[in-house]
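Q: Sequence:
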Amino acid sequence: MKEIRKKIIKIVSIVLAAAMIGTSSGLIAFAVQNQSDTESSVSDSTTESYISEKSNSDSDGKEETVYIIANADGSTKKVIVSNWLKNGSKNSQLEDETTLSDIKNVKGEETFTNSGENYIWNADGSDIYYQGTTDKQLPVDMKITYTLDGKTVTPDEIKGKSGKVTMRFDYTNNEKRTVKVDGNSMEMYVPFLMVTGTVLDNSRFSNVKVTNGKLLNDGDRMAIIGFAMPGMQENLGLDKDDFEIPDYIEISADVKDFELITCMTVGTTELFNDVDTDKISMDDIDGTINEFTDAVNQLSDGSSQLYDGLVTLFEKSGELYDGTEQLAQGAAELKNGTGKLASGANELASGADALNSGASQLKNGTGELVSGINELSGGADALNQGAIKLKDGTSSLVSGANDLINGADSLNSGAADLDTGAGQLENGAGSLSTGASQLTIGLNQLSSNSGALNDGAKQVFVTLLSTAEKQIKAAGIDVPTLTIKNYKTELNKVISSLDKDKIYDIAYNTALQKVTAEVNKNESTIKAGVEQAVKAKVLEAVLKASGYNMTTEQYSAAVSAGQIPQSVQNQVNAAVEAQMNTDAV
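For the record, in the sequence shown the residue sitting at position 144 is 195 according to my numbering, with numbers rising by one throughout.
Hints are not guaranteed to be accurate.
Claimed, not checked - Using 30 Å as the maximum straight-line C-alpha spacing, the simulated DSS-like pairs for lysine-lysine come out as follows:
1) Lys509 to Lys187
2) Lys128 to Lys158
3) Lys539 to Lys158
4) Lys158 to Lys137
5) Lys113 to Lys141
6) Lys265 to Lys212
7) Lys291 to Lys231
8) Lys210 to Lys194
9) Lys227 to Lys128
10) Lys113 to Lys227
11) Lys158 to Lys544
Worth flagging that the hints you see were computed from the coordinates, not collected in a lab.
Let the hints inform the model, and build the full structure from the sequences given.
A: Now the structure itself:
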């Protein structure tokens, strides 16, 4: 142990130096939801405790927080980065450098200009809060592994199962920095402290054990707080047999009807920033280690308050999910109604096409009848042939009219389903409002414990408002841009505007536009087909009058085989063109 202690004392100052020159991401936060296959939703709450008001700082600087929405296995689903530009000097402009995309001001109306990665914000003396997205590698990756009775399983496979369950959280440090040691350069991992928390229901989980963490139990629920420092073992070059610094957290329990749990993970270098590196020396390194220990103890002392906040958050997130689930269900039914409306419009278009086809065949039959009368020498045969084609054309016309009626019925059914979907959407929005009110109570309790969590929640709120807006517009409903201040009013306006007459008008206009577009789109094709069919019939009549009793196809084959003299071809072509130019065709 004496040799290990000497090694720790020698290298701890280097590790802390790596922390001082660490990443600009002062805080990273993972959120693993218990519904991994469900899109995120938000409530329509504007409680001040949920979204912190814009503030002005006393100092200059920049704080960056990375929020990761993760899948059930810990893999990254979406990354949102939130930056706070502190403007203690009350400057009119603030310069910033960032590689983020889709940058949005989330707490004000201040604008910016940029050239590449260099941004200038028109701050007007205020702090700037903005967010963006990135696809770059995270400073720390998290992987969650599930085992059931000793067998590794996927999140989907373990749902609803009972037995001995183990959840292991492994963290991989991706951030290295080069530091000088006795004049030599060496690479060190930036020291991140990873803290993962979750709440378990005692009715489902029993005999709970945690490796590298702490349990807090109030009789009904059990909160688990775990700690890990990935890369620190490698930084110190320690053998795990001698001394182990955890880079994972493991939770095991006897479980009944397992359900995926919501976990939250925070990674930070701020703990190391609290250690005064100016005091580090070989003589008083013990004092520095004590400072580090005090910082860890402060974190542990706050675990009870964190537990209360976690319990409240997880309780209310279930109610929020119920409301958003009903909203999603209503939106899905609205989408189904819209789909049936589109299907009805397609059938209506099909009926119109059949009607047009019947009219064309009727025209063909009438033309043949006129031709038969004009060529009375062919007399009865031509007249009989024209009458048959007239009968066929009339049948097609009737069939087209029936298809048109069926299309109109389907259109009416689609409009009714659309009305039902709109009603479900209104019910879902009402349930969502109820869940939001209950969530407000829990968030008021949580706000006093973590300002950073408030800021993070706002980012998720804004992102999910955008998702809801896109889904509503995709259903064909006009809605203005949804913001934290206006979304409740605007959603109520949309819901109140969805009366049956308006839905029917939307359905009718949509169908009418589609039918008109289809007819206009195929107009040239229809005309070309009609002309070609008429010309073929005229050619057969001319051939018959000329003594060639053959069809158009037979005549074309004979011409290709050289059996029809060119002079006869010229006469036939001239007769066909002359007949096509008469009023009878």
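Q: Evaluate each hint against the coordinates.
A: A quick look at each hint next to the structure:
1. Lys509 to Lys187: Within the cut-off at roughly 23 Å; holds.
2. Lys128 to Lys158: OK: Lys128 and Lys158 at ~25 Å, within 30 Å.
3. Lys539 to Lys158: holds, 19 Å
4. Lys158 to Lys137: holds, 13 Å
5. Lys113 to Lys141: Roughly 14 Å separates the two Cα atoms, so the pair holds.
6. Lys265 to Lys212: Roughly 26 Å separates the two Cα atoms, so the pair holds.
7. Lys291 to Lys231: holds, 25 Å
8. Lys210 to Lys194: This hinted pair holds, its Cα atoms lying about 18 Å apart.
9. Lys227 to Lys128: OK: Lys227 and Lys128 at ~24 Å, within 30 Å.
10. Lys113 to Lys227: holds, 21 Å
11. Lys158 to Lys544: holds, 25 Å
Every hint, counting from the list given before, is met by this structure.
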